[in-house]
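With the hints as a guide, dock the two chains, each given alone in a separate frame, to form the complex.
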Amino acid sequence: MKNWQKYLGLIISLLAVTLLAVWPLITSKPVDREVAFTILKGIALASSLNIILGYTGYVSFGHIVYFGLGGYIGFYLISQQGWSIYPSMLAGGLIAGLFAFLLGKAILRLRGAYFALATIGVNMAVLSFISNFDLLGGPIGMTLNFNIYKEYGGAAQALQLIFYLMVAITLITIIVSYLVRTSKFGLGLLAIREDEDAAEVMGVVAPNLKTWAYVLSAIFPGVIGVLFFFKNGSIEPHPAFPLHTSIELIVMVMLGGQGTVFGPILGAAAYQRMRGLLLTTPIFKNIQLSVAGVLLLIIVLFIPAGVVGWIRNRFPITRRVLQ
Amino acid sequence: MDFLLASLSDGLLIGFIYGIAAMGLSLIFGVMDVINLAHGPVIALGMFSLYLLYSVLGLHPYFGLVIVAVVGLLLGMIMYAIVVRRVIDAPHLSSLLATFAVNMVIIGLGTAVFSTAPYNVDFSLGRFSVGPVTLIATRVIGALVAILVTIGLYIFLYKSRPGRYIRAVANNKTAAELVGVPSNFILALSFGIGTMLAALAGALIATFFPFTILAGGTYELKSFVIVVLGGLGNPVGALVGGLILGLIEGIIPTFMETTWVPVVEFVMFVMILLVRPTGLFGAKQ
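Each protein sequence line maps, in turn, to chains A and B.
Sequential numbering of the first sequence, starting at 666, is according to my numbering.
Sequential numbering of the second sequence, starting at 6, is according to my numbering.
In isolation and in its complexed conformation, chain B is listed as follows (with noise of 0.2 Å):
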């Protein structure tokens, strides 16, 4: 019972990560229909930030957040520029070859660099007990960070004015700019939001796992399992289906072989995308 419980624990908290990092994909893809293929790198980019931050430059993990941030978003806005801008209007097959020619171009360079040898930030903060539970703290932090920035983008998606006007865009772009809205700034903004909270997910996942360059890649296909969950183009769906599958991968090792995790979960994933495409929170209309 006390493992069932610890498990559960884990799962629930990296659930929370997942869910940023999916929250990203989703709010791209339900303002302008793109599945950012390059979704995994750009977590891999927040690791690696945040191991450079940390390692190198002995930033605090946690100011360090706040570069990455700015950084992955900034990092979205010129990839939108360059290359989403031109292929948005384009079939299927243009965006998403388009976002995965950026995949390779971050990853060959990242292999360049960095090699593909693990790395780890080397940062802890100790553990602690409640109840019958030992939590490690940065775990712990690092679930409350992924809640206060899903509050922010819910606050900045719903009360200030350029939230507003991204709603307004993946809502129907034409009448938004009809109304004076500058859509092609807007769907940078959104750009550069999506691939923010990948790589925050990213770097906050680096506070307490190893990774590699290719590290993102795993998540990336997470995040496209939450996303279908949640319903693809409904960050708040995405969020949920983020601790979902958190708690998937909490259960399943308790009676099962770790090993039969993502065999259960893209099982899912496909089932899902079959019987109820909208996911289980309903998609973007």
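Bound-form chain A, shown alone (with noise of 0.2 Å):
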């Protein structure tokens, strides 16, 4: 095989993600970059949430409490301590990292649906935690003085420059995960993933991996929390950790594929994208998530490998391709 051939499951997510970047640049409509820019996030969540969930086999069903987590550092650094937009973002994923490692210590002995509940607990408890701690706003928030965005050429300047970074941390998530698969690392989380016990007696250390597996997946949605409440301009507790996204994200990996490169590009893509529409059809927009729920009971009933798995098994060829 020839050597760029290895690297074609990488080079395809990355090639989908560039083209998702370029859309709106040709179209130069705002709109246009808005949709691409949520998309991008929950690419990169979701991309993110499947290092832990696809690789590792854990359920959590709290992951966003590193995304409002990293936010709420990153915000607190550029309104009240007037750090810039970059060590902010810095930041935010290094305490989101450091918290998810003391957490994981603890939290990833507990197995199957213990360690969802836990995720659950842990999300709540945050939550219920900062709506009660006034240096980070209390149960009002904070918000952002609109001078800030003048250092970044003002605020039209710099939506642009957040969409740019948004567009670089997804790539950086996705070569990360790629790595991750593709790494004697990631052989272990597999292993872990199929039986914990048995990778253990086969000299996986399970323990560490797990816990770094969690760090890694944790850190990108504490950077992008930075980012996206940066871009609103304000933070609140509860649009800052909403359970009910943790639970999209798991949808959107289930979606494409868990435990796959590209299967959480493609399910993120095509449930926001799916979102979007319902949202702005008439007779679908008050029942949008009954429609949304009919659709992952129909994924997790009949295709519980998501559709990159499903083609992956279904024809054998495509596993080169599609990682």
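No wet-lab data here; the hints were simulated from the structure.
Among these hints, one or two may not hold up.
[Stated by the list, open to error] Chain B is faced by these chain A residues, among others (derived, beta-carbon under 10 Å): (1) Gly722; (2) Pro752; (3) Ser793; (4) Leu836; (5) Ile840; (6) Leu844; (7) Val959; (8) Leu961; (9) Leu962.
[Stated by the list, open to error] Now the in silico label distances, taken between C-beta atoms and shown as ranges: (10) Pro872/A / Tyr159/B: 52 to 60 Å; (11) Ile72/B / Gly941/A: 37 to 45 Å; (12) Leu800/A / Thr259/B: 23 to 31 Å; (13) Lys164/B / Thr946/A: 36 to 44 Å; (14) Ser165/B / Ile982/A: 51 to 59 Å; (15) Phe260/B / Pro804/A: 17 to 25 Å; (16) Pro872/A / Ile156/B: 39 to 47 Å; (17) Phe798/A / Asn189/B: 33 to 41 Å; (18) Val75/B / Leu824/A: 34 to 42 Å; (19) Pro167/B / Asn797/A: 41 to 49 Å; (20) Arg169/B / Asp862/A: 29 to 37 Å; (21) Leu10/B / Gly941/A: 48 to 56 Å; (22) Gly747/A / Thr223/B: 49 to 57 Å.
[As the list claims (entries may be wrong)] Counterexamples of contact, computed for chain A against chain B with all Cβ distances above 10 Å: (23) Leu679; (24) Ala781; (25) Gln953.
Backbone N, C-alpha and C define an ideal beta-carbon position, used for all residues, glycine too.
Here it is in structure tokens:
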């Protein structure tokens, strides 16, 4: 096999994201850029969740906690301490990662339903704590002074910059996801997913691997949180930790195919597009949640491997291309 | 002191109702290892069923409870037949997502019909005093109904034939099938009873608190805390867990801001999962 063909899975994934990023630049309509931003955000969040959910097999139901936590830390640094967006994003990601490291040491000992419940509990505990924590604005949250965007050449310029940063984060997330998937580390994670006890017998140091997978999957939501709330201009406890979005992310991963690199990209794009269409169609507007629920049910009951997983199983030749 | 007594008794009365909601969740987990993420919307449906029966049809609320119970039982059995049956042997992710899908469908339809505006059942039986404590009659009756339901469930599970079948299936499904227990029907029945308890809890809460279609979510999260406190899959533990949670909710506001209650609850929830995942009273083996 030629050298570049080995990386076909990665190339296709990166190409898909790049096309999505270039599309609003060609049409140069702000609406398209917003749509692309939402989809990219979904892709990056779903891909990072996939590291712990798809590769390692641990169902994190409260993954959005890292999005909110990173968002809060970054927002605090930008609005109260006057930091610029770049170091704030770094800080948001690092703190989310650190929190995941400490927490992961404890809750990754739990398995199956117990782990899922614990992640819901952590999300709710952090949400209710921040609602009471006055330094971070308590129940009303914080807002940005509009002047802050001047530093980046005005609000319009800042929005453009935020979009480019989002594209960059998404590409990095996918590269990391690919590297994890194809590395020895990733093989260890897949072994844990299949049978954790057997993996340990074979010499996989499960506690360490799980913790690092969890930390990796938490850093990106932390960074994206900072970016998202910087764009948003305000942050409040409930929109920062929406349990519902956690589950939407799981739906994206499942829809595309858990445990694959391309799956979350496809799943996030399809889900976000579908959600957008349902919300703008008059008949479905009010019951968009129900329609999404029925769709989720169909996936879970009939194609649990997701679209990419299904194609890979059905047409083995595609396994070289889709990863 | 009087204030403490008053808030303790309020907490205790509410605790019984939290208890039966959590018992439903615990029963379902104990019998089929499924965490029912559609529990909250069923609680909300219980609230709205009572609202419709009382405010639209003009039935007496406590008679309405009977109808809510029957509707809850049937709804649960239908949910089992359509959804849960197919994911019962699948990994946890499948059953969590499948029940969450039901959650989304119910909330979506509910929001379309009732919007997210608050409703209330305009019903009062006044209040009465016991020593220094004034109690609201609807809450006392709610707690009494919850106790009766618990006793009824206990007798059903331990004395009746279908109840014994349920315990047999919970204990070992294959062995139960071998001796002729119709496991599919029994699982459907258990799921039905679980949702019935949720609907009843919702209806009882509706007799004294205002509610929205999304209100079930809060009580679902409380049920998680209680179930973990009492031991997953242990219905009796769930009732005691409900009382503990009710007491905590009664005590905390006497020395802290009320908004700290969820912080304490969820930190406790995670701590118990970490330190003693079988809960205070032992989980299902």
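Is it true that Pro167/B and Asn797/A lie within 41 to 49 Å of each other by Cβ? holds, 47 Å
Check: Is 39 to 47 Å a correct range for the gap between the Cβ atoms of Pro872/A and Ile156/B?
Finding: Given a distance of about 45 Å, which is inside 39 to 47 Å, the answer is holds.
Self-check item: Satisfaction of the Ser793/A interface hint, Cβ to chain B closer than 10 Å
Solution: It holds, given that the least Cβ distance between Ser793/A and chain B is near 4 Å, below 10 Å.
- Message: Looking only at beta-carbon atoms, does the pair Leu10/B, Gly941/A fall within the given range of 48 to 56 Å?
- Response: With Cβ atoms ~54 Å apart, the hint holds.
Task: Outcome of range test on Cβ distance (Phe798/A, Asn189/B; 33 to 41 Å) - done: For Phe798/A and Asn189/B the Cβ distance comes to about 50 Å; the hint is violated.
*Restraint outcome when Val959/A is required to lie within 10 Å of chain B by C-beta distance*: holds, 6 Å
Is the Cβ of Ala781/A farther than 10 Å from every Cβ of chain B?
-> violated, 6 Å
Do the numbers back the hint for Gly722/A, that is, is its least Cβ distance to chain B under 10 Å?
-> holds, 8 Å
Between Leu800/A and Thr259/B, does the beta-carbon spacing fit 23 to 31 Å?
holds, 26 Å
Mind checking the CB of Leu836/A against every CB in chain B and telling me if the closest is under 10 Å? violated, 28 Å
So Gln953/A supposedly isn't at the interface. Is its beta-carbon more than 10 Å from every beta-carbon in chain B? violated, 7 Å
Starting from the range 17 to 25 Å, see whether the pair Phe260/B and Pro804/A falls in it by beta-carbon distance. holds, 20 Å
Taken one by one, the earlier hints fail for this structure at numbers 2, 4, 5, 6, 10, 13, 17, 18, 22, 24 and 25, listed in ascending order.
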